[in-house]
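Participant: Taking the hints into account, I'd like the entire structure generated from these sequences.
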Amino acid sequence: MPKRTDINRILIIGSGPIIIGQACEFDYSGTQACKALKEEGYEVVLVNSNPATIMTDPEVADRTYVEPITPEVVAQIIAVERPHALLPTLGGQTGLNVSVALAQSGVLDQHGVELIGAKLDAIQKAEDRELFKKAMQEIGLSVPTSGIAHSLEDANALISMIGFPAIIRPAFTLGGTGGGIAYNIEEFEKMVGAGLALSPINEVLVEESVIGWKEFELEVMRDGADNVVIICSIENVDPMGVHTGDSITVAPSQTLTDKEYQYMRDSAIKIIREIGVDTGGSNIQFAVHPANGRQVVIEMNPRVSRSSALASKATGFPIAKIAAKLAVGYTLDEIPNDITRQTPASFEPTIDYVVVKIPRWAFEKFRGTDETLTIQMKSVGEAMSIGGTFKEALQKGLRSLETGWHGLDNHELEELPLSELDQKFTVPNVERIFYIKQALRQRMSVEQIHGYTKIDPFFLYNIKEIVDFEAELEEKLGHWTPNEPITESTRKLVYKAKQFGFSDRQLASISDASESDIRRWRKAAGVEVTFKTVDTCAAEFEAETPYYYSTYSSEDEVRPTSKRKIMILGGGPNRIGQGIEFDYCCVHAAMALKEDGFETIMVNSNPETVSTDYDTSDRLYFEPLTHEDVLNIVDREQPEGVIVQFGGQTPLNLALGLQEAGVPIIGTSPDDIARSEDRKLFKEVLDQSGLAQPPNGIATSIEEAAPIAESLGYPVIVRPSYVLGGRAMQIVYNEELLMGYMRSAVAASPEHPILIDKYLEDAIEVDVDAISDGNITVIGGIMEHIEEAGIHSGDSDCVLPPYTLAEDQIDQLKEYTYALAKTLNLCGLMNVQYAIRNDQIFVLEVNPRASRTIPFVSKAIGVPLAKLAARVMAGRTLRELGFTAEIEPEYFSVKAPVFPFNRFPGADSRLGPEMKSTGEVMGIDMNLSQAFAKAQDACGDKLPLEGTAFISVRNKDKRAILFIAKKLWDMGFKLIATHGTAKVLRRNGMDVTLVHSIGKGRPTIYDYIKNHAVALIINTPTGDSHHSNERLIRKMAIEHDIPLFSTIAGASGAVNGIDALRRGEISVSPLQSYYEEHEM
Amino acid sequence: MKAILALSDGTIFEGEHFGASGETSGEVVFNTSMTGYQEVLTDPSYKSQIVTMTYPLIGNYGCNDIDIESAKPQVEGFVVREYSSRHSNWRSSGSLDDYFKKHGVIGIQDIDTRALTRRLRVHGVMNGVLSTEDLLPESLVAKARAWPGLVGADLAGQVTCSGSYSWSDPGTALGEQPEAIPEPRFRVIAMDFGVKYNILRQLTRHGCEVQVVSAHTSADDILAANPDGIFLSNGPGDPEPVDYAVETIRQLVGKKPMFGICLGHQLLGLAFGGKSFKLKFGHRGANQPVKRLDTGQVEITSQNHGFCVDIESLPKSVEVTHINLNDQTLEGIRHTEYPIFSVQYHPEASPGPHDASYLFEKFTDLMKGA
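Read top to bottom, the protein sequences are chains B and E.
Taking this note's numbering, the leading residue of the first sequence gets 1, the next gets one more, and so forth.
Taking this note's numbering, the leading residue of the second sequence gets 1, the next gets one more, and so forth.
Misleading hints may appear alongside valid ones.
As the list claims (entries may be wrong) - Taking lysine-lysine pairs in the DSS-like style, the calculated list, with each CA pair at most 30 Å apart, reads:
1. B/Lys1035 with B/Lys1000
2. B/Lys966 with B/Lys1010
3. B/Lys496 with E/Lys316
4. B/Lys38 with B/Lys3
5. B/Lys492 with E/Lys2
6. B/Lys476 with E/Lys2
7. E/Lys316 with E/Lys280
8. E/Lys275 with E/Lys316
9. E/Lys255 with E/Lys143
10. E/Lys362 with B/Lys270
11. E/Lys280 with E/Lys143
12. B/Lys822 with B/Lys565
13. E/Lys101 with B/Lys496
14. B/Lys492 with E/Lys255
15. B/Lys822 with B/Lys594
16. B/Lys119 with B/Lys35
17. B/Lys594 with B/Lys683
18. B/Lys270 with E/Lys368
19. B/Lys1035 with B/Lys942
20. B/Lys38 with B/Lys565
21. E/Lys280 with E/Lys255
22. B/Lys454 with B/Lys476
23. B/Lys523 with B/Lys454
24. E/Lys2 with B/Lys523
25. B/Lys492 with B/Lys683
26. B/Lys492 with E/Lys143
27. B/Lys3 with B/Lys35
Source of the hints: derived by calculation from the structure; they are not laboratory data.
Facilitator: Laid out in structure tokens, this is it:
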């Protein structure tokens, strides 16, 4: 069937900010879809509040609304844009939910908008557990016994039938939020209660536990002619009971016979037909009983998903792109397979390698929360690796994680006796695979480990082979140095080690050699890596797309060209502090340099990203970002330049080593980058430029810390050197807290000194992003934080352009930035953080590299800074590129962070110098208050227009709160406050209901929260981070979705936002229109 | 123990041996299925072939007594990247290694199977020798060159059954509700050119009482039994030398409903007056897209053939019903006058997808209508 001509304008809804369970994979899918539809001549209208996405680049869609993804706002956009169709399946659960809401409320019908890809009833049938279950039974498929409960009574009736352990799954929540496994009635009732509250339709599913069963996923595609193909099968190493996003997974399935696989395939085809997903991709999960093979259907996502992104990268089949084309009427056989070009997309990819995906968690940032892995996803990112065997892929995957492991090595892990190891197995945890290794080393049998973990013996045997071979290496290479002559037996041994995925680092730690010794020896002995192509077809057809992975085998398929080449090192797995923003920069570098005629080479290990799309760069290497792996590619490709400043800390950490190995790093030199990271050198830099930093000192031991802090005066900010995202950074208010920090949080030593800075209370923090070609420096943007200094810049709301700074302060900031750029010989991007206190400007930090705010600034000013920077690094000047003057927009852009606290009950949700947000949104408007309100709305903290506001502030904020409270009062809010605050407000003529402080009578604020009787909370903390009442209020506010502001500046912004909202609806405008205005 | 695979073009692949030891020669081909190695191994169509699997881990789920397509492995040798020495699956009754040892099949592992596959793709399938005994490359290459190859060889004649037998096993299907097997309503004679068990199981499951007869059975003998339909099975190698069967089929045309699969389809094509040719590297895998021309739908099919009937050579009385979307080659035909049809691919799957299983129903429908 040809493409449809009865529709022309198509609306795509993105997935909004990065949150756990919804990361850059939806930028990847959405970008592919936008490009595919534009390529077909459709007009694409896009909504996404996340500025760090490629899809919101102004040239990707025809009109791009960086607006909150809520039914109300999207309805407004529909009213303006009048799209003919809405494609709901590419924006994750967020996009799907909003589409469903718009369909149900009649907005789509009212404006004649057709849902394409999946119709409302299909979405509902897949998403509503009861309908889904019924549908499965109708087509003769087995599902776990289960029932739906809308109340605790319903649930209790069900559990008597189902028995323990039982699974509780709230309906319509993202990534299974609120779900859990209950082993007893007490846990059960607690989980049901929480689940009912979290589910937007107050519904939970109570289900027979299939914990310990084998878990599989199939990625299925269907076209309008009812052709169905399976793109990829995925087997979870961690069996049922651990969310697939938290599981180590393998593609393709490893332990199913063809008979079982085909039964599953038949089921998947029946399911997609029965549910009625018209066109596009779906993900279907199955559980298989390990002893009798019984297959049950677990769930279906009627949309592209994290797994479909993984499947696309694992096979080379671009699911989202094809899904978009199918949605406009094409059939699979009409679409060519991009990789082979000769064959159609109507086939099933077959792969001739093994793919392993390993999640990455961030529990270190959320101390106090339960770290057990359950059916609710908790990981923040993932690495994918490709190898010739499972063993090779597993070890490559482990080193891709960049969590200090170099493979399945002997990681620093509590050494447990055999008798205690079982506890580490029965409760799934982040380090389980390393405990398995420990147990195998201690000769626990595979059968026993399987008994505890239910992990399929196939995987355990493979792990055991690695462990056994490591023992052999230890025995044979334990005292080996590479100075000994090369013997055939050693060569064979090392070759086998490489085939087993051992890194040079692992071999170095096993033997008496350094990593570079091993590398030199390997090269001399001819133990060289080979690169193979990911081609969707196991070499049956010639591949046109250079998408490579490394393995140790006999043939290398890479044919380097003689073109001018630049290599870009990506950011690896997402983590808090390093995510989509850096991938965005890498993608921009690839695009810009491609346009300039370079051959671009991308290296990355993160399957969620746009950078690992095979057509982003000219050549893609899906490889770990380690010294060894990068050097292997450099050896093969011989690029004339390597860009390390775009991928965040990951490539920067490699920069010096690569430079030493002779790799041509372009842009700001690694030495200059190191100067800004090293505290002593940095001080020299500042002195050279005549700039001040907050008073500070360096402690290399516990004993040194107290006198330093004493001399600076409390409070002080403490942090280890060389960290990203403010890891382990904290504000301490007294010596006791300082000692506690020094003893528990970090180990101070001369190699790892602790930096102690005077904390500048009540200072305004400012972020500046700048670009320099070594000659001239241009400011990209100056962002004024709404929260005062001390909260990590990634966790702060900020405004561009500055809204309270005076002209002379802004000029001064610019001058300082120019001076720093000059001193650091900047070539490329730089981010500087300043604090302004009492008119004095301090430099907090300088990062001569792409920062997290580059995409935001680029969107705010309409200039692609990362592209310019890439060109500058490749030798162009800013003058040539026509960017010589700062842009000061007439409109306001507000960036607001999004936090994952709802995933980590028990963790302290207080903000500080350690970054905790997973993502961000942008609110853009001509009016600052509107922009702020939009940003709040976009991150899910919708500002209330009426109701009761609870106010409790520390003494020093009492004066400032008056104006804020008065404004709320004037707008008709009811005020409630604790004793001290109430007194002040009353004195100033406001009616205030007194709320008792905790422990001093009832009702307290808890009662109000529980009764849903409070709409807004303003609670500025007293400073002591262990103040448990404030912690509890924050926790409850998060649980009950009540906006909470903990700073005066934030509260003030919120109140202005409420005012703006009350005075009229938010107006929506496409990003492109802002740029037009400013061009005039 | 070391083993070597030598190709007739002089390429040497050195690896580790598993399974039986010894020496074997055959045409070296690749199969891209990611599951189903046991079905592949026991498929008589692989007679005289050394098979390499493109999926690198083989042996993961062991072997069992059910997933077999004939009484024993048929491949001459088996080439893999990594043999999984420990297997895991509830259906398994033993390891692939033991299975090979029992049946004398030589396996070689630690081979860059992708490099081998690329070589076969670029230069076409070629003859090879796999040995654990003679480890001298030159000697092995010479042997590979000396091996006569399978073009022009009547392999079907070698694998066909020696005497006629009846088949009534519907096989075991997975799933909770056991399938209802209809009472036999059609008597089918299946000409065995190397038939896969799953074809016979499928026929049984579709209500056929199957009598399997040798490829050398005459048309008169077949017609004397007065079957409701005649089935032409799959089988190994080149259809041209199986001229005696082509002649038999020619005599049967128009007499009874007929259904052919794979070699059976090629023989039918020749009987209709068509010509066959050898594909460069064949179609062997479980992901081949085939377009059904009457509905426009695409079936993902299981395939295993090195020869093909030339579309252009077919007479007007034959209608093309299916084509391969990868290379536009012929995948299915039907006779415009008589109830006769055939497909190049494997609707019985095993290994592979079940998308085309409707063809068995089509066959019974034809018999119903006849």
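Participant: Next pair to validate is E/Lys2 with B/Lys523; report whether the Cα-Cα distance is within 30 Å.
Facilitator: Given that 30 Å is the threshold and the Cα spacing comes to 25 Å, the pair holds.
Participant: Would you check the hint for E/Lys280 and E/Lys255, treating anything up to 30 Å between C-alpha atoms as holding?
Facilitator: Distance ~36 Å between E/Lys280 and E/Lys255 Cα, so the pair is violated.
Participant: Would the hint linking B/Lys492 and E/Lys255 be met if the CA-CA limit is 30 Å?
Facilitator: Not OK: B/Lys492 and E/Lys255 at ~65 Å, beyond 30 Å, violated.
Participant: Holds or violated: B/Lys1035 and B/Lys942, Cα atoms, limit 30 Å.
Facilitator: 17 Å, holds
Participant: Given the hint that B/Lys966 pairs with B/Lys1010, test it: the Cα-Cα distance must not exceed 30 Å.
Facilitator: 26 Å, holds
Participant: Has the given pair, B/Lys492 with B/Lys683, been kept, meaning a C-alpha gap of at most 30 Å?
Facilitator: The hint is violated at about 51 Å.
Participant: Would you check the hint for B/Lys492 and E/Lys143, treating anything up to 30 Å between C-alpha atoms as holding?
Facilitator: The given pair, whose Cα atoms are some 29 Å apart, holds under the 30 Å limit.
Participant: Are the Cα atoms of B/Lys523 and B/Lys454 separated by 30 Å or less?
Facilitator: 41 Å, violated
Participant: Check the hint pairing E/Lys255 with E/Lys143 against an upper bound of 30 Å on the C-alpha distance.
Facilitator: At roughly 47 Å apart (the allowed maximum being 30 Å), E/Lys143 and E/Lys255 break the hint.
Participant: If you draw a straight line from the CA of B/Lys496 to the CA of E/Lys316, is it 30 Å or shorter?
Facilitator: 59 Å, violated
Participant: Is the hinted pair B/Lys38 and B/Lys3 satisfied, with a Cα-Cα distance of at most 30 Å?
Facilitator: 13 Å, holds
Participant: Please work out if B/Lys594 and B/Lys683 have their alpha carbons no farther apart than 30 Å.
Facilitator: Answer violated: B/Lys594 to B/Lys683 is near 39 Å, above 30 Å.
The earlier numbered hints that this structure contradicts are 3, 9, 14, 17, 21, 22, 23 and 25.
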